[in-house]
Amino acid sequence: MNPKEVSAFIVKEGLKTGADEIAAIAAHDTSRQVRFANNEITVTKTWDQTSASILLKKDRKILIASVTDTTEDSIRNILKKLAHTVNIMKPHESYAPLPEGPFKYQAISGLYDEKIPKLTEKHVDYVETAINAALENGAKRAAGTLLVDDEESSLATSRNAEGTLKKTAINLVVRALTNEETSGMGITCGTTLKDFNPEKAGEEAGRLAKMSANATSGKSGRYEVVLTRPAAAVLFDIVAGMDSAFSVDAGISCLAEKLGRKVAFDGLTVYDDPRVAGGLGSTPFDDEGTPTARTTIIEDGKLRAYLHNSLTAKTHKTKSTANAGWISPHAWNIVVKEGKLAEKKLLESIKNGLYLNNITYVRFQDYRKGDFSAVIRDGVFKIENGEITKAVKGLRLSDNIIHMLQNITAISRESKQIAHWWMENETPSVTTPLIRLRDVGFTVPTK
Amino acid sequence: MRDLADFAVEYALKLGADYAEARMQSDVGAVYILKNGNPEAVGFSREHGLGIRVLVKGGLGFLSINEPNKALAEKRIKEAVEMAKASVAVMRKPIRLSDEKTVKKTWEVKPKIEFEDVSTEDKLELLLDIDKTVSSSKAVGVPVPYRILQLIENTTEKYFVNSEGTTISSSIPRVLFFALLTAYEKGGETEQDIIEKGEGRGWEAVEDWKLIDLAKEKAQTLGKILKTAKKAPREKLDLVLGNQVVGLVVHESVGHPYETDRIFGREAAQAGESFVSLDMLGKRIGTDVVTVADDPTIPNSYGYYAYDDEGVPARRRLLIKEGKINEFLHNRETAAELDTSSNAAARASAFNREPIIRMANTFMLPGDQTFEELIEGIQTGVYMKTFGEWNIDDRRYNMRFVGRECYRIEKGQLKGMVRRPVLEITTPGFYSSVDAVDKSLKFEAATCGKGDPMQGMPVWHGGPNVRLSKLKLGGTQ
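Those protein sequence lines, which keep their order, are chains A and B.
Counted from 1, the first sequence has number 380 at position 376 by this note's numbering; the numbering is strictly sequential.
Counted from 1, the second sequence has number 352 at position 299 by this note's numbering; the numbering is strictly sequential.
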C-alpha cells in the first residue's frame, strides 16, 4: 500500500473498533547521507522506510501508536491493542475533538525537486567540493554531513481531513578546523537544489576556521554580542520550543504567563510560517488536519500567541494554530522578520563585543525562568571598535532567554534558512538574519 | 526477517563487499504520560527492520529497510555497495575492522514480571498515585503545580549475522521512569528537578524503585530549597560532589573523550572531538584515588549488554586507573586502526542506525571512607548532592555543573541549604583536585545522545561521593 492507502485503511479499520475518532499519518521515506571527517568520507548511508502513526480517541480518552510495519495485518493488530487499552484508560480533562473537515489545502510551492532523488551519484562530488572549498579557504580539516531526503506522507482522519505531501530536502553542514581548538561552520540547506551551494558552505566554514586560529582565552563578563545565523537559529529554536502550549503547561517555558506582555526588543517580530515556499518544515496541514497558516509569536517585542493543537487550544480557551503534534504542538518554520541594517553596520557601534557563530549544548537550570548556559564554538571573535579583531576561546554563554530577547538592539536585513544538529528542539528550520544584543553574560572555568 | 538478514550478508558479498553484517532489530514499547495529573496519552510503538553494513574496498556503507521484501533488499544493498565503493575516492586510507573471534550465541535478560502482565490501568494508577503525592502541598510543603510523569517500557530483540560466521540472538527488556517536577509559588522563585530511574529488566524493577517515596522526597527537597537555600560562599572551599553529580561528571569528561571515534575526529561536525590524544595513554590525568570504569556487564543495569552490535563479547573497560589514562572505548574500526582488539563499545539504538562507539555504565570506583569521614575535616565547604544544569565543550575540557540539592559544610557538619552553586572547571583541573572518595556507589539512568542521525542510548552513570580540595565556585559575571 502507498501512504495514502495506508492512512485511509487505518481510518476505516480504526472506526470498526468502536473508536469515536481516528487520525493516521503514513509515510514512505528514502534518505541518503554521506558523513565525512578529516577530509575523507567515513560512511555512506541509505534508509528506505515505511511508517504509520495512529491517534485513536474514545470516550475522551487518547491513545497513540507508531509502527514501521504498514501491512494490513500489522495495522489491524495494533488497532486491536489500542481498542482494548482505551477501555481501561482515564478520560482527558480538557478533551477536544479533531477538527471537522473536509478541508481544501492550498499547495505550497518549492517543496519538491524531482532532481534530488535522482542525483545519488553526485553526493560524493558535493562532499568533495565542500571539503576542498574549506581547505582552500584556510582549514586544515573538514568534517560534516550531507543529508538528502525524499518523503511522501499522507494524513487521513475520521473527520474527513485528507491530505498528501511530497517533499525533498538537501542539507549540508561543514565544520572546518584549523587545530583541535578552533573551528568554523558553514551550512547550505533547502527543499530544492536552487539555493544549494556546497562550495559556499565549505568556503564559509574554512574562512571562519582560519579566522579562529591563534585564539586566546577570553575574559568573563558581560558583552555586546552579534549572533550569526547558526547561533541565532539556536536561540529562536528554543523560543519555538518554549512557545509550544505543551511546554507552557508543563512548566518548562519562560514564556508562561507572558501572553500580551513585552518579552523582547521592540524591533523583534517572530513568526511560525508553515506556508513558506521552500521551507524545510512547510506543510499545508498539521497532524490533526487543520489547514496551516502563519502564526505571529512575537510582534514588535510583545508575545502574541502560543502554538496550539486542538487539545491545548481547548485548555487555553482559544483556537488551534495548526501546530499539532497530537501530544505537543510544535513549530514548522520559524521566521525572524528582517531588520534594516547591513551586516557590517551591525558591528559598527560595538566597542568591546563578541561575534558568535554557533551556540551548542544549551542546558537550563530553570526552564520557567529561562536561566541557562551554553557552549559557544565554530567562530568566536572579539569585536573592537566595530571590527572583528581576534579569535577567543574558553568562554561559556551564561544568561537568561527573556533577558537576551529584551536586550536585542538590532537585526540585520538579510535572512537565510538554517537547520543544524544543535537545534535541539528540532524546529525543522529557522530563517533568521544576524542579531545584535547587549549585556550578554559569559563565564570561564575557575581552575 | 532473519532469513532476509542471512540473505543480505550473502548478497552483499556476491556484489563485491569484503565484509557484510546484518542486524534484525525489533523494539516493542509503550509510553504512559501524565501531565499535571491528567492522562495525556498512552502510546505504543513497534519498530522493526534490518540494518546492514558493508565494507567495500575500504569504504563503509550502511543501509536500513523495514519491509521484508527481497527485491527491495537487493536494490538497496546494491546502492549501498556502489555508494561505499564511490566513497573510496574521498578517502586517504581504507577502513579495516579488527580481527575478532567468531561467535554463535544466544543471550537473554528474562523479566520476572513481563510488561504485558501488568495492566495499563495499574500503570496509570501508579502514575496517578505519584502525582497525587507530589501535588499535595500539605504532604510536600510546597506547591508543585507542574508535573510531567512518564513510564517508558521497551523490549529489544536482535539477530546479528556477519560474513565471518558470527550469529548472535538476544533479547532484553528496559524500563524507564521519568519525572519533571516544578515547585513554584506565584510571584516567587522556581525550583525544578528531574527523576530518572531505569534498568534492564522487567516490571519488577518498577516495583523495587518505590517511586511514590522517591518522588515525595524530591518534591519536599524542592520546597526546602525554595524556602531555606542561601547564596553559596565565594571564598576558596572544599567541594563534595554527590553520587549523582559524580556519575554525570565521569560520563561527560571521561566516557565521551575516551571514545576513540571522537579522538580520531569522526564526530567532529556534531558532538565534537576530544581533548585526549592517543599519546596520553598511560599519562596522569588525576590523583591516585581516581579510577573510572565503563562496564556493560553489570546485571540489571540500564546499559547492559552481553555482546555489542559488532558481535564482540562485552567486558569492563578501566578508562582511568589510579589517576592514569588506562584504556579507550573501541569498536572494530578504531581497534584495527591501532592494531588492537575491540573492547565491545559498538552500539546502535535502533535497526535504522549504524553501530558507533558508546558508553554503557560509566562510574568512578568507590573507596573505603564513610561519608562522615569524607566531610569531617572540612572547615568551609559545599556539598553538591544533585545537579540541575550542566554542559561541557565539544572537546570535553571545559565543563559546568550547577547544583540543585546543596548544603553548606561547616567544621565537618552539613548545615543549611545553598542555592545553585556553580562548578565551572577544566577536566584536568577537576581530576587533579579529587583528594578523597567515599565507599558508596550509586547509579542514575540516562539516555546519552550521539551520532547523526541522533542515537539516544540507555546508560547508567554513577560513583561515590567525592571531595575536591580548595576550589573557587564559579558562575558569577
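It cannot be assumed that every hint is accurate.
Unchecked claim - Computed spacing ranges between beta-carbons, pair by pair:
id, chain 1, residue 1, chain 2, residue 2, range
1, A, 6, B, 167, 44 to 52 Å
2, B, 377, A, 393, 58 to 66 Å
3, A, 218, B, 288, 18 to 26 Å
4, B, 247, A, 124, 51 to 59 Å
5, A, 218, B, 430, 42 to 50 Å
6, B, 368, A, 218, 57 to 65 Å
7, A, 322, B, 270, 31 to 39 Å
8, B, 270, A, 99, 31 to 39 Å
9, A, 6, B, 352, 40 to 48 Å
10, A, 394, B, 247, 55 to 63 Å
11, A, 262, B, 192, 29 to 37 Å
Just so you know, these hints were derived from the structure itself, not from any lab.
All C-beta atoms in this analysis are idealised placements derived from N, C-alpha and C, irrespective of residue type, glycine included.
Hint by hint, here is what the structure shows:
no.	hint	in the structure
1	6/A with 167/B: 44 to 52 Å	violated, 36 Å
2	377/B with 393/A: 58 to 66 Å	violated, 41 Å
3	218/A with 288/B: 18 to 26 Å	violated, 36 Å
4	247/B with 124/A: 51 to 59 Å	violated, 43 Å
5	218/A with 430/B: 42 to 50 Å	holds, 44 Å
6	368/B with 218/A: 57 to 65 Å	violated, 43 Å
7	322/A with 270/B: 31 to 39 Å	holds, 38 Å
8	270/B with 99/A: 31 to 39 Å	holds, 33 Å
9	6/A with 352/B: 40 to 48 Å	holds, 46 Å
10	394/A with 247/B: 55 to 63 Å	violated, 40 Å
11	262/A with 192/B: 29 to 37 Å	holds, 31 Å
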